[in-house]
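Undergrad: Spelled out from the first residue to the last, the chains are:
2 protein chains.
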Amino acid sequence: VARTPEQFRERYDIDAHIRHRVLELDLAGQRVRVLDLEGYESRWEPYDRLLIATGAVPIRPDVPGVDAEGVYSVSTLQSGIQVRRAVDELQPKKAVIVGGGYIGLEMAEALLLRGIDVALIDMMPQVMNTLDSDMGGLVSEAVRQAGVDLYLEEALEGFDVAEGRMRAVITSARTLEADIAILGIGVRPNSDLAADAGLALGVRNAIVVNERMQTERETVWAAGDCAQTFHLVSRRPFHIALATTANRQGRVAGINLGGGYAVHRGVVGTAMTKFQDTEIARTGLQEKEIKDLGWAFVATKIKSRTRAGIYPGSASITVKMLAEQESGRLLGAQIVGGEGSAKRIDVVAAALHSGMTVAEVADFDLGYAPPFSPLWDPVVIAARQTAKQV
Amino acid sequence: VARTPEQFRERYDIDAHIRHRVLELDLAGQRVRVLDLEGYESRWEPYDRLLIATGAVPIRPDVPGVDAEGVYSVSTLQSGIQVRRAVDELQPKKAVIVGGGYIGLEMAEALLLRGIDVALIDMMPQVMNTLDSDMGGLVSEAVRQAGVDLYLEEALEGFDVAEGRMRAVITSARTLEADIAILGIGVRPNSDLAADAGLALGVRNAIVVNERMQTERETVWAAGDCAQTFHLVSRRPFHIALATTANRQGRVAGINLGGGYAVHRGVVGTAMTKFQDTEIARTGLQEKEIKDLGWAFVATKIKSRTRAGIYPGSASITVKMLAEQESGRLLGAQIVGGEGSAKRIDVVAAALHSGMTVAEVADFDLGYAPPFSPLWDPVVIAARQTAKQV
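Line order of the protein sequences matches chains A and B.
Here the first sequence is numbered in my numbering, starting from 59 and rising by one per residue.
Here the second sequence is numbered in my numbering, starting from 59 and rising by one per residue.
Extracted from the complex, chain A is given alone in its bound form (with noise of 0.2 Å):
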């Protein structure tokens, strides 16, 4: 239990020029309790609208070791500077990473840089698991090809610790000895005090709200990473902890508690990142996600170059595309591929927007100049490709 202010930030990693705490909601009374960090007191303070953002925390496995000294999460500003200072100052020679997702491929990519002996282990047979597993196979490949020991299909089952400080990262099949050790593995809906007002949660425990980003009650609005959002590909309540969503959501709270008018009709899946030269990049459903609703789907994936192969800097690209069976419906697209790679998927996601066959895709005028792409762009190949299964 924290006791003490500091011991409170300590506790809950909480940035020093923050005041204030919220310890509990009273929808019924329309009030808030507040805990001053300053003077160490809480109090009740009336609102007329509220709104609840939240955000998301880190998702801490519940094995032995996992609170040693050298076991680091990376999520708030202040976490990423601890995480620094830890490499700064221990000059650690191994790091060990868990989960080979955006954060885990970001540290990674970070810490190879710094020079140290970096292993990454999985639980699934490929990183990036937002990706299918043959796009998320290329991923692995370039992890490995920049030295990365890469142990996949490898769940963590705890921490090797000796006086307080982890030295060794233990996994179903291993032992890793390591000078520090970082989490990747997700982050959940930070809807607790949500849940304990009443609130209902939905998808991974996201606040329900509605178009305008209001719950249940009509004073009280949340968005970003706590509240729920709508897929618009698969037609369902989906929650998905991106900044972009996030933003989106917080702009549409923020009309509405503010007397507007505004909604947020929801997402179709995009996100994009980067491993050292590979950049990689989503949209709309993955297949397990299409299997999952039972939907009939076909897929196809294209190999191409991201400029004209004459030109200079021309780099590989990989597109795959995925659309409904009978109607063509474009279901969603991943990239793997050198630079000029990932903004391609914004193509795609616009597409998704408007409910388009892959047929449609296919005849899309894009631009073409040497510099930019092959005269037939990478994804309308794909979705010419993938219109001929259809």
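In short, the hints are calculated from the structure, not lab data.
You may find that some hints are simply not true.
When chains are identical, the list treats them as one kind, so a pair holds in a single copy or across two.
As the list claims (entries may be wrong) - With a cut-off of at most 20 Å between alpha-carbon atoms, the simulated SDA-like pairs for lysine to any residue come out as follows: (1) Lys332 / Arg363; (2) Lys349 / Gln272; (3) Lys332 / Leu315; (4) Lys446 / Gly371; (5) Lys361 / Leu433; (6) Lys332 / Ala373; (7) Lys332 / Gly371; (8) Lys446 / Ile313; (9) Lys446 / Tyr319; (10) Lys151 / Gly205; (11) Lys359 / Glu384; (12) Lys446 / Ala213; (13) Lys332 / Leu433; (14) Lys446 / Arg323; (15) Lys349 / Ile313.
Since the structure of chain A is already known, use the hints to place chain B on it.
TA: The following block gives chain B in isolation, referenced to the frame of chain A:
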């Protein structure tokens, strides 16, 4: 008059590997008169189905001295080789380019790389007249910054010639001494054969075709720069001499000629190029095209960054967007900016294909990560600002 195959090749700028030339079409008789450039004799060849793919020819202004040595057009591979040979052999110190479109700017960049002083004249108040004047002005600025002497609102009046060789370019305002001059004032459909055979010509004298690329004669097809297309935003017949359109039309014509079924619905007018570090892209209708249609419209121009501001290599990008006044229907966009700017136009092109409003584009779930974009993509920012004007 060309009397020998060699003269014929020279006069019509024919690559050495071309063995035949079509002199005449007899559509009633389903035959074409072919000149054999080896034997130098002509004969009639019958056909079941005919494809006219005669492309475009560079416009040569009817001014004194245009046929002098040292005045070049750049259209075919052969003509490009000729210019390069002239640069290698004559070691010109001064070049004048007539026309600031795609060809003019690419030639300016290439000649600057060879250390040649470049002057460029254009009749319009800015280069790149496929952009609105404000956006073209940004390109004019980049061209000037690169050290090109830019003379705008000056018409070509002729060339000063001595002993058959061009010595200076004469504009409406000045005389510019030059060792070589390059014409880049556009192309026209090479539709003379079709016209002589009685086929209907449409916009800019391009051959009239239906969606299957069939002319009014059932057995005669046309595709590429010689053929008309359809503008999906203006809903009017259109002509645009671009590799993308030509290839899309050629594919459709080929499928239909071969007994299959395919349609070319049209284009949205997407095009892009690059001048040094400045990327230039456009799609849809520009202001003067919208005015010609008599439609009321709104326009917005925003300035943003190509990547997150904190990220190395983040460059400036300007996006202009145009929408119909009452409906808010997206009508077009133009982009000028640093690396990573041009291909963003494809999102706008995709939205034009489905007839979306700017408010819908403002709600697009586009990809974000610091290496690729600011959190709000510049296209989304432009759409949102434009939506406010509607």
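Undergrad: Please go over all the hints and tell whether each is borne out by the structure.
TA: Going down the list of hints, with the structure as the test:
1. Lys332 / Arg363: Classified as both: same-chain Cα gap 17 Å, cross-chain 18 Å, threshold 20 Å.
2. Lys349 / Gln272: Close neither inside one copy (31 Å) nor across copies (43 Å); limit 20 Å.
3. Lys332 / Leu315: Neither: 36 Å inside a chain and 45 Å across chains, both beyond 20 Å.
4. Lys446 / Gly371: Answer is neither; intra-copy 31 Å and inter-copy 40 Å both fail.
5. Lys361 / Leu433: Result: close within a single copy only, 14 Å intra versus 29 Å inter.
6. Lys332 / Ala373: both (15 Å within a copy, 18 Å between copies)
7. Lys332 / Gly371: Both: 17 Å inside a copy, 15 Å across copies.
8. Lys446 / Ile313: between (45 Å within a copy, 14 Å between copies)
9. Lys446 / Tyr319: Classified as between; 14 Å across copies, 43 Å inside a copy.
10. Lys151 / Gly205: within (14 Å within a copy, 51 Å between copies)
11. Lys359 / Glu384: within (19 Å within a copy, 42 Å between copies)
12. Lys446 / Ala213: neither (40 Å within a copy, 51 Å between copies)
13. Lys332 / Leu433: Classified as between; 16 Å across copies, 25 Å inside a copy.
14. Lys446 / Arg323: For Lys446 and Arg323, the Cα distance is within 20 Å only across copies (18 Å; inside one copy 31 Å).
15. Lys349 / Ile313: For Lys349 and Ile313, neither the intra-copy (37 Å) nor the inter-copy (35 Å) Cα distance is at most 20 Å.
Consistency note: the structure conflicts with the earlier hints numbered 2, 3, 4, 12 and 15.
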